[in-house]
Structures are given as structure tokens and as C-alpha cells.
Amino acid sequence: MPILLPILLALACAPLAYVAGRWRPGAAAWMGAAGALAAMGALVHEWATQGPTRLVVPWAPSWGLSLEFTRDGLSGLYAAMALGVGALVVLYSRAYMPHHLHEEGRPARDEVRFQGLLLAFMAAMVLLVTVDDLLLLFVALDLTTIISYLLIGFDREDPESRAAALLSLVLTGATSVVFFAGAMALGLHYGTFSLPLVIERAAHDPASTGALVCLAVGALGKSAQVPFHFWLPRAMAAPTPVSSYLHSAAMVAAGVFLLQRLYPLFAPATDVRDGLLAIGFLSMGMGSLMALVEDPFKRVLAYSTIAQYGYALVLVALGSDGAPLYVAVHAPCKAALFLTAGAVTQVTGKKKLSEVGGLRHALPVLAGASAVAAAGLSALPLTAGFFKDEVFFHALAQRGPAFMAAGLVGAGLTLAYTLRLWWGLFGGPRRDVPAAPRLLVAPVVVLAGLILLGGVLPGLLVAPARAAGAAMLGAPSTLELAYHLDARAENLLAVGAWGLGALLFATHRAWASALSRVLTGVSHVGPERAYRLLLLQLDRLSTWLHEKEVRDLRDRVASVLVPTGLLGLTVLGVTPLRDRFKVGTVGWADITLVMALAFASAAALATLRAKGHLRLVLLISCVGFSLAMVFAFAAAPDVALTSVLVETTFTLLFAGLLALLPSERLKRAQEEAQKPRGRDRLAAGVAGASAFLLSWSALSHLQADRVGARTVELAKAAHSPNVVAAVLTDFRGLDTVGEMTVVVAALLGVTSLLGLNLGRKGRR
Amino acid sequence: MRSFVPPLSRLLLWPSLMIALAFWMKGGASVGGGFPAGALAGLAVLLQYVVAGRDQTRRYVAVRYAAPLAGVGLLLVVGTAFLPVLAGYAPMSLFPRPDQPELGVGGLHLHTALVFEGGLMLIVFGLVVTVIDRFALRTGTDAEEESGP
Amino acid sequence: MILIASLAVGLLFACGVRMVLERELVRVACGTVLITNSSVLLILAGTFPERGEALGAQPGGPVTDPVLQSLALTAIVIGFAVSALLLTLVHRTQRAHGSLRTDRLVEAELQRVHAVEKGEGP
Amino acid sequence: MMATVLQWVGDGLVALGLLFITCAVIGIYRLPSVLTRVHAAGAVPFGAALVIVGATLATADGWLLLRGLLVAAFLMLTIPSSAHAIAWLAEGRPELAHDKARRGRGKQDRTPESPGR
Amino acid sequence: MPLWGPLLLPWVLGVVLAFLDGRRAWVAWLAIAGLAGTLVCTVWLLPQAWSAQAPQFISGDWPVGVGIRLRADQLSIVFALVSTSVLLGTLVYEHVAGGITSRSFPALVVFLGAGLTGVFFTSDAFNFYVFFELAMTSAFALASYGEKPRNLRAAFTFVVVNLMGSTLFLTAVVMLYLTTGTLDMLSIIAWGQAGPPFALAVPGTLLLCAFGVKLGFFPFHFWAPAVYRDAGPTVAALLAGALANIGSYGLLRFGVDVMPQVLAQARPLLEILGAASILYGSILALSRRDTREVLAYASITQAGLIIAALGLDGREGLCAAVALALAGSVDKTALFLAQDRGGERARRAYSVAAFSTAGVPPTAGFWSKAWLLRAALEQGHTPLAALVVAASALSLLALFRAYQRERWLREGAALHRGTGAVVYALSLALIAAGLWPEPLLRAGRDAIQGLGTLP
Amino acid sequence: MSLRSVAHVLSLALLYAVLVGSFHPVDLALGAALALGVMHLFPMAGLPPVLSSREHWRRVLHLPRFGWALAVLVVRSCFHVLTVIFGRAELANKAGVVEVPMGERTARGVQVSSWVMSLAPGTVLLELDWERRVMRMHALDASDPDKLLRQQDNFYQRYQRAVFP
Amino acid sequence: MHETFFTLAIVWMVGLLGALVLLASRQRSVADMLMSVDTMGLVICAVLGLYGATRGEPGYLDAALVLALLSYVQTVAGARYLHHGRAFHDEEDGR
Ligand code: NA
Ligand code: NA
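Protein chains in written order, with our numbering: chain A, 1 to 764; chain B, 1001 to 1149; chain C, 2001 to 2122; chain D, 3001 to 3117; chain E, 4001 to 4455; chain F, 5001 to 5165; chain G, 6001 to 6095.
These are calculated hints, taken from the structure and not from any lab test. No residue lacks a Cβ here, since even glycine has one placed at the ideal position from N, Cα and C. There may be inaccurate statements among the hints.
Under 10 Å between C-beta atoms, here's a sample of chain A residues computed to sit facing chain E [stated by the list, open to error]: (1) W63; (2) D142; (3) Y149; (4) A174; (5) V178; (6) D539; (7) R540; (8) V571; (9) T711; (10) L714; (11) D735; (12) L753; (13) G755.
A short list of chain B residues far from chain G (calculated; beta carbon distances all over 12 Å) [claimed, not checked]: (14) G1079; (15) P1084; (16) L1103.
Chain A on its own, in the form it takes in the complex (with noise of 0.2 Å):
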């Protein structure tokens, strides 16, 4: 299974961490970087190797699951990026957690679980594109939901974090909730959650638009495009490290690589490629549109990154193989770009764009590095970025000319801000600050050495992303990824993208206030608004019910029995039964039986005026004794017997009871329950008229042979003459027995409430 090893090695970086910082908690960083870089020789070696290769251990046969786990283009790629995207955060957060922690006022063992949860969701993330299974995806899938929940919400005191950790875990959790809707809908239909199979179904039924669009609103919401794009900004509140490597290179990449794993199933459906383009070509305008204006740097960064995907998006609804490309690409770019940030804020305390400049004479390294990243994310030549934007101008080109215009302003959207975004940080008068930690800016010297050494080396681009994109489409891929110089439709795109971009840069100063005030005004009837209001209108309806709510013991009572005798009023009414109701003969004999049980009734009906307790004891008693002799008229003097003593035990208990009430008390709540509710009465009539049809009903349906009959001729066999007897001792004597147990555990429930120890000190 040497598939599993890449997966086991990320799967074990977060337990080897934990033990490591056990030891020193520095050590916890190395190891888990370390154990990534592992995870990604092995995954490099076995590329390098074999082939594309799968892997099926069986998991829950009563469900027809395997554990399905694929190594093909696609995984290989994305794992690559994960596994190494996620040494390097791992390594900066070396550098980085200390000084958070210390600013948060927090432990510095804490560190140690930061990293922790980093390589775990690492590990998280890696699971995801390796499995093929639908079910698998899902859990994977909600696995990095629950991780980045715990990661956005690291700095627990912070309020801001939690808002933004809840608000990432329901909307995330939501969609992904949908896409297994989605999954379950298509595995059901399919009748397996084997994705290869589901695939090879599919080509001859396509899947329906429904679970698509289920599908599809788990990717969106994962990859926080329009309209679930809003948790994204909010998630920055996370410390750095989470922003950099979650929300450009894992989390957010997730939902657009479901789609490209899910790809040849939308292929069909165009109309769900459409919304997903359109949705694409929005997030991509109102991410850039938003970067464009914002102050704080991360926010920027996480608009772009929405922008970015909706990139991603359009290719993936495009059927572009370059998807999983830009993809890649992006992420580097992205992460270098967030690492810098968080070591600027580190350095200077700030955290917006308009408090911070100046800094590359103070540090010249990650400014130069973070120049490289820049470059890339808005595709200029000679680095790795230049080939996302070509592979998407590529796409667009196919599609007509409206689609290209909406290309070359996004890219040049992308370059406007990016140069705000480097400018603001790096260019303006020069600004002294102290040097920034090696590690802080180490990772993100490497990242840029791989854009760059992508740019200028785009031929080992090629294999991977090929690879990457033959897995998508489930047929090969033809992706060139070279330099043309020529008037090809992507160049000329390019320029002009670039041209854009620098015009937009140069004079953002003159718009960037009024479109500020109109992106506000447009936010403000926006999805987060919606979503705002939804929750809130929610909990105003929670609130209201809350308060609407049963709560009175009466109330609750009675919300068990009128139901009941509503529903079983209704069910009478419904059932056709032949002779419902039989009214029955009234012999001679029974006339005491039907005396004693008028009397029974007529005390009962008289309890209810009783006024002081004890005459509503006796009263009781009187329905008790009468009853004893209905049951003494009914042939049962057992039961007669048994009634007689337990009445008048009843009675001597209350007393007990009412004398160990204080009498002020008894008299005064004597006195102010007397105020019946008209809707006591109402549901004591709803109840005792369902209690009289219900037993009507039944008593007119005796069955003539029960199992009675067969104990009276067995008695003699119980060697007992009363028969009763036998029942009740031997027949069904077990019933006796627990019927005894009831009675113990009631004394035990008295002896523990009254107990001997209570008055003298006073509650135990």
C-alpha cells in the first residue's frame, strides 16, 4: 500500500508534534515540518516512480464503503501544495505564535497545540484530495471544517476570533452539509459512493441539476465565493499563519478542487456551469472591486483570495485544464503575500495599510521576496503566476470577446491591487523598524524562489499540472505552458491587463474613496447582510417562542394530555371500525356496580369544589372506597381488599403530609389557587372526554378469549386455588418482582428526600 505512506506520514506530523513540543516546545514546529516534507518526498518519490495508482481497503461493507483513496494528477498536486505550503506556515508559526501569545497574554505551551492543529488540518487537507470516494470527500471535507473552526478561533478571548470562527464553521459547515445532500442524492441514485464509479455512471445518466447544485453550494461555500464569500474577510481575525496557509493554499482551495475532482460530473449540466461562471465572474469583480479599497492588509489579502477563486471558479465552469493549475499557482503567491503581512504586523504592531510603508529599506529581504509573490498573484512574466493568467486569458479566448473584456479587468484588477498592496507596505517615505525574524521571513523567501523558479522553468509546470488537469477532465490534457512571443489573443490580454492594472494603480487615489462609499452602500443589501438578518430574525423567533413557551407545571401537563386526547379523538374519528362504540346491557345485578360507580364519580366531581385539604383527602377517599366497591361488585375482591388498605393508607399519608406543611401556607395557596384558568377546565374536558371515548371505544372491542381463561385452568397446576394468586405470584410473577423493585426504589427515592440527618443539619 505504499499509496497510504504520503497520507500516513501527514496523518502522523500532528501526533509527532505534539509529543516533540512535549519534549521543548520549539521542537514541535521542526518535527511537524519535518514530518510534511516527508509526507511530500515520499509523494514526489512515488510519482516519480509509479503511476497513477488507487487504493480500496473495505470500511463499512453494511454500506457498500470503502476507504477509496486515488493517487492521480490532481491528488498528487494539491497534496504537494498542502504538504509543502504547510511545512513552511508550520515553520514561520516558530517565529510567529511566541510574540502572538505573549501579546495575547497567553501560555507559550499553546503554541505547541497551534501547530498542532495546523499540521492536523494539514493532514485534514491531504485526506481530502486523496480520497475517491463521495462519502469520503464529505468527511474529509467537514474534517478541515472542524479544524480551521478550532484554528480561526484560536485566540479564544478574543471576541472578534470567536464571532469570526462561528460564523466560518456554520456557513462552511452549512454548505458542506448541502454538498453531502448533494453526495447522498448522487450516491443513492448511482448506487455507490465510489467516485470513479459514480463517474463512469454518469456518462450514460447524468446526474440530476439538483444534487449538482448541492454540490456545487458546498464547493462555493468552502472557497467563500458570492454569496458565501463573507466569513472569508472575517476569518483574518485568525492569527497569521491560519490566514496564509487555510485561506490560500487548504481551506479555500478545497471547495474549487471538489469541483475539479467532481468535474466530469457538471460537465454535462451546462446550466450548473453557468451559475458557477457567473458566480466566478462576480466573486471575482467584488473581490477585486473590495481589495481595491480596503484598509487593513489581510482583509485585502482575503478579498483577493475570493477574487482569486472566482478565477478558479470560471475555469472550472470553463471545463479548463488549467484549473488545477491556477490553483497551484495561486497558492504560493497567496501565502507569501499573507506571511508577509503577518510579519509586518509583527514587526510594526500595525495592521493596516494606511499605518505601515516604507518598510523595504527596513527589510529588504521580504520586501524583495514579497515583491516576487506580488508579481506572481497578478501574473507578471518570468514568474509562475504569469502561466495562471495565461491558461485562464487561454480559456476565456474561447468563449468570445465579452468574457475576454471581463478577463483583462479582473487581471488588471488584480494588479491594481496588488501594487496598493505591496506600495502600501513597502513603497512612501522610508520608515525604521527592527529587523524582522530570519524564520518570519525565511518561508517566504522560499516560496518566492519557487514562483520564480516556476516563471522561468515553466516546463516543470507542465508534468504536474497536465497530470492535474487529465485527472479533472478524465481525459488527457494538452496544457502548453510556455513563453510565446506573439500576438496571441492571452498576450495581448496579458498587456492589457497589465496596462489596466498600472492606469488603475496610478490613479486609485482619485476613486478609491467614492467606490469605497459605494462598495458600503452595496454591502449593506449584500449576502452577509442577509445572512445577518436571517440569524437575527431567527433569534427574535427563538426569543419569541422561548417566552411563548410552556411553562407553568399546569401547562406543561396539559401540552402532554389535550394533544393526546386531540389525536386520539382524531384517530377514532378516522379509523373506519365496525360497531365502534357498543353501549352494553344493564342487568339486575349490576345495579350496585353501577351505584357504587356513580358514587365514585359524584366524589370525584365533588373534590374539585372541595375547599380546605383535608376534606379534598377524604374526598378522595370516598372515590377510593367506592371504587373498592366496584371493585368488590366486579368479582374481584382481591383488588377490593387491596384498594380498602391502600385508600386508607393514602388518607393517613396525606395527613402526614398536610400536617408537615405549615398551615399559614397550606391556607394561603388554598386561598390563591382558587382561581381557575378557563383553559384548565377546557383541557380537563378535551382529556376526560378522549379518556371516555378512547375507553369506549376499547371496552366495546373485548376480546372473548384471553390468555385470563387459560390461567384459570392452569391454576391447579400452580398448585394454587385462588387464581389471582397464581397471576399474580406465579404466572406473571415477574411482574410482581419488579413491581416490588418499583416499590424499593420509591422508598429509596423517600429515604433520600426525608432524611434522618435533614433537620438537625439542615440541606446536605
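Given the coordinates of chain A, work out where chains B, C, D, E, F and G with the ligands should sit on it, guided by the hints.
Quick look at chains B, C, D, E, F and G with the ligands alone, frame taken from chain A:
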């Protein structure tokens, strides 16, 4: 109560208990059984609580240990129900079995149901007496009262 | 007979429910006793129609459905035990709340709820 | 022969007992105050005892008769207690025995009783 | 292991414990050992229950119907296992958390265990009632544990409302006997197949309502929030985790096994009630600031899910109901126990159980919800599926709002090693069942295997 | 075991036998055994001092006469009460409290006397006032208290004294 | 003839029982009520005895015996409670 009621009630204690025991012993043959027996015995003791008071009545050992008696009763009941399984019978198999001859002379039927009913009697007696005993214990009425929730 | 018995069952049940729905602990307990009574009556009402023949039966001999009688006995005993428990609970509850009224319980409950809502902690 | 006699005697006793009980119940209804009604109620147990003894006698069954006598004996022993208890109560707490619901004395007053302390 | 083993052990142990002072450590350990023994005995029964003929005996070896039949099929066993485990965990928790403060607590918990086992094992309707009452009475006595005013208040509400439920149940059982002439469930099944089609509708309705009270679904749930909130945490765990199982088991046993025709007729009703409970619980949980109240409403949602699952036509829905009940039992226990404390351990356990309740993988709750979703989609009940999805989101929101409010911020008494072990064990069980779902899925599938006449 | 205990055991055993419905020796023996158990578990407090055997038998011999007198008293007062209920209602307005002196009665005698007067319809004990040594009783017909006092004294002297002095 | 008489007697006594129930529920004084219920117990005792004799079933007589023995307990306890608020005899009671 300065009257003839306390001595009279004391006088009734033994007969009541005897009647209770008779209910127990004849339960299998006619009306009676462990429950009425226990309730009657409990009532007889209860009567002593009413007329003689808690301290007086608690001089009887059986009253002081009413709750443990109930436990013993439950042991008897559960034992009768489940001991036969040790001999390979189904739970709740009483002896003599249906195919075995009846044992007993006069009004007495020897049957494990008797033990069973005896257990019942003790349990019910224990419940009634314990509850009454705790009710009769007038603890500091408002000692535990709290103003706040 | 069937009709009359069911009427009585319904009436007892209604009275019991009416009493459980009063705002006072002792009455609630009394109500549960009435309700238990109505269940036992229902159980034995199953034997009423057989009673006509039963009158002429052998002295001491089998009379009406012994299983129903035994069920009734069991129900009585269980009801008795549970009511005893309920009575002690009435006592303790009133001691703890200083009142016999159920709405006092609700008030105490609401006080707590509101305290928690205001963030004063449990 | 013997059985018939016993039956007649039994019937007679039962009839006498019925008479007692009936009259006593009427007395409970008619007499003006609790303390006087107690005396009427005091006749009931004798009626009951007569009825039981008569009825068991009529069966000509020795065991039943023995039981009937036993019941009658215990009845005799215990009757005075309740009569005494009620009388004691009525005298000691006259407000609890004050019958405001007597015939023709206007509307019923439903003040709850309050046990003394 | 004979069938009576898991029944006899807690029973006898309960009797013995009744004599002893449960506040002593060794007594508590004795009770714990006894419950553990019960668990072992039940596990021992597993292979027999899964064999062709479920183990059974008739008390006193009397003919069917005359004697009481006890029978342990797969459904019985899985419910007994989970409930006993929950009881065991709770008892250990209470003991190691700082000592039991009432002398009868261990005995009552063990009696509760005996009652539950009896309920699950009996195959006689009235015997079911008796064991049910045993469990209920123990719970009544336990409800006031702690004996603070709020505990007593909760106990009073609990007792009175549930007494109504018990009455309904008793009435239903009696009506079953009056109508069919037998109390033996298997005989009732046979009667129902031959009898007139609507003859058992009335007892069926009453049973639904009675179990509705136990399980606490809309509109029978109004007692639950107050009781779960005001009872002690351990007691709340017992009530929500173990006792509520009676409701789900009873619905499965009586609805699916004994009276399938009634269940078939009641499906639309169950759907409506289920949907109402899901919505009601989810929405009300949102704005609650008291974690226990949030949990109470979450349990109402849970009950609604079970009901809705039962309302689905076909096998999968029933399987889902079983899985929901089992997973719900464990995660409610873990939640109620963990919510009481602060600190890292409690945080972890709470979050795992909360994820399970919300149906987030990899937890047991996920699989049960997945099963419901699956059944709903299979039956084409898209509205229900949508409701389940929405409810999951709302539960997530409510549970984690509470989590953030209390778990993250409260630095109170932390779970120590012992109590932590209990809640860890419970949450590990949830995760284990999430990672390796086969046992849960098997349990759900096999549990309904032998029931009545399944479609 | 004292003679009195034997008598108790015997009577309790008989009671048992009557209830069980069999005078079989085994039942009697069982009854005796159970009676012993009861007596042992619930020892009776405040029993009157043991009398000499002669005195004891003398009292027992007078018991039937006492019983008969009691029966006669009861029947007579029953009819008296009936007459008050029917017709002579004005007598009911003459109900009142009468204080009967305890006289030379022992404590046991007082109790028996008060029991007797409560048993007989028409009179009922209200309270025993040991300080003033009177039995406060309520009579349905207290129109002639002296007559009532005489009747009481008469019954005590003639029938009760020999048995319960 | 004889049996008819007994049956009629039973019916008559049950009727009296009804009268007592009415009396008990007529909201006269508590003491009256206590008395009515006590009397009811005795009438029931008689009915049970008569019914048991008619049917030849000694079980009813057992129930009657129980009533004869103990029906006064609740009267005494009720009277005690009403008189000075205590159902059970206390040491400080002195009565
Ligand atoms: Na019996
Ligand atoms: Na008198």
C-alpha cells in the same frame, strides 16, 4: 389524646398483625396475599404512630428497621424468582412444580410462593412504615428554605 | 355497562386532570391519585361484562378474568409507591420554595433563566 | 329445617341492621349539629354488625359465621374511637364543626378550615 | 450467558446496594463493578442474539401468553448495551467527580439499569410497563439528586408530567390486552396480522404519545427544557442519555415490531411531529444562553429526527432511527457531563459530542444523520432532507455558540483525570464509531432485522 | 412463659385459624408460632399488672354478664337515639356536656367506662380530665344530667366493676 | 326470596352509601365530612360482609374485617390534624 383510644389501639396491634400474617399465609388459597398483608401490618403500625407517637412506636425493632426489612423482602422476592435458575429452571419457577405433588396440611400450603409473598409483605410494610416514620419526624420546618432560586 | 364504565373512567380521569392542572402542589398530588384510580377502573372494567355469569359461579371459584385483576393490583401498587414518592417530593419542594403554589416554582425558574440570560451565570 | 330457621333469623338480623343504618343515616342528615350527629352515626356500626352477623348466619356456614362474628367484634371494639375523635374535635374546635350549610340558612360559606397550631 | 444474566445482576446488586451507604467509595465501586458486569453479560449475549433464534425464556416455563416471555433480539441487545454503558459512564463520573452525596444514588442508578434492561428484554406488554415503571421510579427518585431547590423543582415537574406519560402507557397496554386478549408481544403481532385493520389504532396512538413524553418530542416535550436545565448534570445525563432510550426503543418495538400496521397508518403524523420537533428544537436552541437549555432543545431536535425517521416508509428509515437513538444517547450523555466543567478536557469532549449531535463527521452522529438523509432521499422526501440539513446547520450554530460562550471562556473547575476519562471515553466512542462506522451500521441494520413484518 | 402470654398466644392462634379457615393442629401450631413471633417483635407496653389467678378467674367469670349488660345498654340507647331522630326532635336541642366523675375507678376502669359510654349511642366521651378526675361526655339527651350520671354509676357498679374495676 | 332480600338489602345499603357520599360532598363542616366518610367505611364494611355472605366468598369478609379494624385510623388522624395540626402523636403533644 386523653382517652381510651391509645390503649385500645395498642390492643389492636397484635390482632392486626396476626390478620396480616394470616393474609400472607392464605394468599395462595384465597383472598389475601403479600401486598394486603404488608399494607395491613403497616397500617397497624401506622395506627401506633397516630396514637402513641414516633418515639413510642420506634421502640419496636421491626419499625426501626423497616427500611432494611423491605430490602430483605426484596432479596426474598428476587431470590425466589431467580434461585431456580441455578437448578436449571426458568426464572420464576415456583416449587412444587406443576407435575410435583402438592405439599401441605390443613390451611397450610407449602409452596415457594409463600416465600415470595412473604417478601412482598416485608417490602410493603417497609414502605408504609418508613414513609410514615419520615413524615412523623417533624424536622425544622423552614430550615432549608432559601429565598433565591 | 360498557358505556357507563367508560363514562366513569372518563369522569375520574377528567377530575384528576382538572386537579393536576391546579396551581397547588397538594392538589396536583391528589390529582395523580385520581388518575391512577381511573386507570385501575379501566383495567377492571374489562371484567364487567363477564360479571353476569360470574354471580352464579362456584363459591370461591374462578370469577372474572384473573389476569386483569392481577394487572389492576400491580397498577394499584405501583401507583401507591409512586404517589408516596410524590408526596415526599411535595413536602421537600414546598420547603425549598417556601410556597405550595406551582406558579412560585415557575417564578423561581424564570428568575434563574433571566439571570442566566443577563449573563450573570448559573 | 335448621338452615331455614337460620335463614329467617339471618334475614331478621339483616333487616334490623338495615333499619339501624338507615335511621342513623337519616339522623346524620337531620340532626342539627355535629355533636348530635355523632350520636346518630354511632348507631351505624351496630347496624353493620347486625347485618354482617345476620348475613353470615343465614349462610349456615360455620366459617363464614365465625368471620362475621369476628368482624362484628372488631367493629364493636373500634367504633367508639371515631365517634370520640369527632366529638372531641367538634368540641375542641367548634369553628370547624360549625355547620353553615344547614338547611335554610342561606348561602354556603366556604371558608377553608385551618388546622390549629 | 443465559438471557437472565444481564437482568439478574443489576437487580440483585440493586437490592444489595439498597442496604448500603452509597456515599462510601467502595459501595460506589461495587455499583460500578456491577454495571460493568452487566455490560459484560450483555456483550456475552451478542452472539446468541445474532444467531437464528433469539434467546428467550418464559417465566416459570408456562405456556406462551400465560407466563411472561423474555426475549433478546438484536434491537434489545444494542439498546441494552448503549444504555448500560451510558449509565456506567455516568455513575463513574459522579463518583470520581467528587463523591456521591446521597446514600441511595448508586442503588437507584443500578435499579434504573435493571429497569432499562428489563424494558429492552421483555417481550410482554405489561411486563414492559412494569420495567418501565421501575426505570421511571428510579429516575423520579434520582431527579431530585443534589436536593437544591432547582433540583427539587425539576424533579417535581419531571415526576408529574411523566406520571401522565406512564398513565397513557398503562392505558395503552390494557387496551392492547382487552382488544387482543394477550399481552405477549409475539402473539399480539400474530393477532394484528389477522385482526381488523384499525383495531389497534387507539392503543397505538396512546403509545405514541406515551413514548413521546419519554423521548420528549413536540408537543410532548415541554417538561424537558426545565428538567434538563435544573436537574443536576449527572441526572440530566441519565435522563437524556439513558432514560430517553425507553422512548425510542418503545416506538421501535411497539411501532415496528408489534403494531406495524398502526405505524404504517401513522406515518404522515410521525412526519409532521418529527418535522415540528426538528424545527422547534433547532430554533429554540438558538437564542438560549444556558448551555443545558441548548442541550435540552438539541435533544428535542434529536427526538424529532428519530420520529421523522420512523415516519419514513421502508427499512432505511427504521435503521436510521436506531442509529440516531444510539448515537444520540451517547452524545447527550457526553454533552451533559462535559458541559458542567471547564478546562481543556471538557472542551474537547464537549466539542466532539457537539459535532456528533450536529452530525459532523467523523462522529457517530454523522452516520446516524447520514442514514436519515439517505432514507429521506431514497423515499423522495426532499423536504425532510432539507429540514435535516437546515437542522444540522442550526444545531451547529446553537451548540457552538454555547461552546464559545462557556467552554472557551469559563475557567472553572476543570475535569480532572477521572471525570476526564469518562467523558473522553464517551467522546472517543463517538469518534471511533465515526471512523469505523461498521458496528454502528451493522447494529442499525440488524436491530430491525427480526422485527415484525417489515416491508 | 406466663399464663397471660399463653392466653394471648392461644387467642391469636385462634384468630389466625379462623382467618385461614382451618383448625387443623398444624395451622394452630403455626398460628401460635406466628403469634409468638409477633409478640416478641412487638412487645406490648403498659400492660396492667398480673393479677392473682383467683382474681383473674373471678373477672373472667363476670365477663359474660358485663357483655350482656353492654348489649342491652347498646340496644336500649340505640332505640333511644332513634326516637330522638324521629319525632322528638326537640330533644336534640337538649344535647349537652355532662361531666361524669371518675369516682373510684382505676385508670383502666376509667378507660373502659369511657369506651362503654362512647360505644352506646347517645353518649360519647369528649375528654378524660385527669386533673379534675371527671370524664367529660356529650349526651344527645342531656335534659336530665343526673339521670345520666346515675345510669353511668349504676352500670359501673353492677356490671363493670367486677371485670374492670 | 331470601336471596332477593339480600340483594335488595345490598342495593339499599349502596343507596345509603350514595346518600353518605352526597352528605360528604355537600360542603358541610369538616367534622361532618370526617364523620360521613367514617360512616361510609362502616356501611361499606356491612355491604362487603353481606355481599361476601351472599356469594359465599370469605374474601369479602376479609376486606370487611380490615375496614372494621382500621377504618377509624383515618378518622382519628383527621381529627388530630384538624384539632391541632398534627396527624401523628408527638412527645410535646401531651395529649
Ligand atoms: Na392473593
Ligand atoms: Na356513642
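Hints that the structure is at odds with (numbers, increasing):
none
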